[in-house]
Amino acid sequence: MKKQKIEDIFSSMEDFSSVPPPELWSQIEEKLDKPKKKKRVVLWWSAAACLLLGLLLPSILHFTNSSENINLNNGNLENNTNSVVIDKEKNEIHNNKDLNKNKNTGKTIDSLHENAAKNQFNTDSQIQSQETSVAETSSKNKTSKKDSKSKIAVPANAPNQSVAYQNSGSEEKAIVKSSKKSSAVVSANVPNQSVAYQNSGSEEKSIVKSSKKSILGNNVKSSNKGISEERIAFGKQSKFNSNAKKQLSNSIFEEQIAAKNNKNLAFNNQRYSTNNSSFANGNTYNSNNAVSGKNDTKRTDKAVIIKDDLKITNSLSKTESMQLAELQNLEKGILAPEKEKEEKEKKDNLINKKERWAVAVFAGVASSENTKNEKTLGNVNDSKQSNSYGVKTKYSINKKWAVGSGLKISELGQSVANVSYLSAKSNAFFNPGTLNADSNNSPVVSADPTSQGYLFISNSTKEALKNENVQTGKLDQNLRYVEMPLEVSYSVFNKNKASINLNTGGFVGKLISNNVALDGHSIGENMNANDYVYGSTLSSTVQYRVYKKTNVFVEPAVNYYINPLNSQSFNQFQWGLNFGLNVNF
Amino acid sequence: MKDELEKYIKLCIKNDREGQLKIYQLFSPVLYGICLKYMKNEDDAKDVFQEAFVIAFQKISQYKFEGSFEGWLKRIFINKLIETLNKKKKESFFLDVFDPDTDFIEEEELEAIPIEQEKLLEYIRDLPDQYRTVFNLYVFEKMKHREIAELLKISEGTSKSNLNRAKHILQKRILSIKNFKIA
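One line per chain: the protein sequences are V and R, in this order.
So for the first sequence, the working numbering puts the first residue at 32; every next one is plus one.
So for the second sequence, the working numbering puts the first residue at 1042; every next one is plus one.
Since the hints were derived computationally from the structure, they do not count as laboratory data.
Treat the hints with care, as some may be off.
Residues on chain R that point at chain V, a partial pick, calculated with CB under 10 Å [said to hold, decoys possible]:
(1) F1110
(2) F1181
(3) M1184
Ranges of calculated distance between the beta carbons of each label pair, as one might list FRET restraints [stated by the list, open to error]:
(4) K1100(R) with Y578(V): 44 to 54 Å
(5) Y420(V) with K1130(R): 44 to 54 Å
(6) E1107(R) with K528(V): 48 to 58 Å
(7) K528(V) with K1043(R): 56 to 66 Å
(8) V583(V) with N1082(R): 34 to 44 Å
(9) E1191(R) with S42(V): 17 to 27 Å
(10) N527(V) with F1106(R): 20 to 30 Å
(11) N1082(R) with T424(V): 17 to 27 Å
(12) E1191(R) with E61(V): 34 to 44 Å
Positions of the beta carbon are idealized from the N, C-alpha and C atoms, including for glycine.
Assemble the whole structure, with the sequences as input and the hints as a guide.
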């Protein structure tokens, strides 16, 4: 007997080809309709735009704000004669007070400047205050615009969601329908199988006739190519049709009816091959090719046909068992795993489409830290604990990326121990002109009318002064802001009910409270504080779904404030830990 | 035929669906056959088939109308198949251990018996991933061990031993049928 190498035995496999299942083309079409790269590019651009916006907005505000601050500072130098910080060029406190009284008589009382200490500001400072109010209103306008945009965005998005839901709902219905149809086809097929077996010994003529019929049924012109080619042609015909499954199942149904009438084997073979291509994709190339290849010989030799029939019955038993298994699955209402996957994916998509928005309320603790070991009046700035709370909203662009914003009340502070100071009340007659206060690092405090005037001096000045009246105390400074962050969020983990997101972005804050306290007693405001601050934030959200669309989360965060004060060292770094509740919709 | 093919390719470059369909109709059986030979199960073969076709249509503008278009398509498919198998290999931590029993086995010539294509395909797909890949590349793509080694990022020696082991396994399978038939 002739001997062969392994390569020679497998050489027939070199040009092996198999007709792919018809549904693959539609899936390829779907993928071609959605260019992935473009999506990614859009995603990256949107993320970059958000970051850029987050950084640009605060910087613009900062520069406009800093110009105002310069004016204010000038105003302070020129006009804030009641300041407790002693300047060499300034007059004595007594004289100032008298002058202020005179000035106040000629001024119109501004409702905003009812405070006696603030009445000293002349018309310049009033103008400046107007400017700041203008700035405030402009910023308000900006924020209101944003609000209006976001409000528009919600209803605009809502119909899309509903449309998507409806569409996907209809798709689901379609799947259910098609599955029902296919199950109907399979069940209708069962009696025909028995017919096929009964007629396994049918004659050559009937086979030829039936093959012709099947060819006609499939709109194939050539009948000489054999059943295997017919099957391929059938596959081609049906797979390029958008309603392939329906047509296929319909044609199967028609053929089955015809099979009942004609009762011939070849026709049933044809039907088996079509059934296999639609239901048992896994083995279409296995037994059916063998069957169809052998069917070609039936036309010429009857003896061969009989042999082949026996083989066919063997191969049919395999396909039959597969079909029966499929049938059982369908009868039990179990869909094919692929369909289940698709449905799951669709459901996931639905959830994602439904839950694009999220609103959260949160509260937590924060600590302002001195990372650069900066000093005030020769003493190290200590950290200061505070609390923060707020609301935020998030919009998911896709499964991984989201953008968010909101409003947050946060406090930045610092505490300086052993600060040396002179009380104006206890030292009414000292000559401040002789003192060399560390003006760069000392907090410029506008006196609260209820408190006394204080002069803060540096440690070096204190030693030089050797004044018995110099006292030491703890100076606390708190700056409270209402902040609006703009964040980009990336989901690093999302499984079952738990998720972890990394968030980064920028924020802009408006100063709403400014307090300086000495030994626990409020003594006024820090005049160096900027009305607007901006900074960057980095946080991580660990979230857990507790009920339907409600989640609880913990959010450790670090914030960096770029410009809390104008010309004084201040804690700029803040870490925080927020706890909150989040609702998706 | 050649002119028609060029026409369809040009339509594909314009992202024309009709052209894409024609190309699919012409080449899908051969390319699906390749996918079936390289992947262990049919679901994976279908996935790679889809992805590779999408890549082919996206990159079709890179085809310079030089050489066989079918060869160009096959190259895309084989690259995608190997990429997918490499990913799987990383997941499964495939460990290639030297086995003197199979690595130095002499190839035996077998008696010529007719075996159906489906059976042969089944034997190929039953091979371990790396053996199957090397066997496919060597036997069907006519690649040299050096080329296979470069493509799969393995040594030439590994490629040779993988091929030997693949042949050894296939030989055993074929012999078992023969014995079964005799019995």
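Hints versus structure:
no.	hint	verdict
1	F1110	violated, 16 Å
2	F1181	holds, 5 Å
3	M1184	violated, 13 Å
4	K1100(R) with Y578(V): 44 to 54 Å	holds, 48 Å
5	Y420(V) with K1130(R): 44 to 54 Å	holds, 51 Å
6	E1107(R) with K528(V): 48 to 58 Å	holds, 56 Å
7	K528(V) with K1043(R): 56 to 66 Å	holds, 59 Å
8	V583(V) with N1082(R): 34 to 44 Å	holds, 42 Å
9	E1191(R) with S42(V): 17 to 27 Å	holds, 25 Å
10	N527(V) with F1106(R): 20 to 30 Å	violated, 52 Å
11	N1082(R) with T424(V): 17 to 27 Å	violated, 45 Å
12	E1191(R) with E61(V): 34 to 44 Å	holds, 35 Å
Comparing the model with each numbered hint stated earlier shows that hints 1, 3, 10, 11 do not hold.
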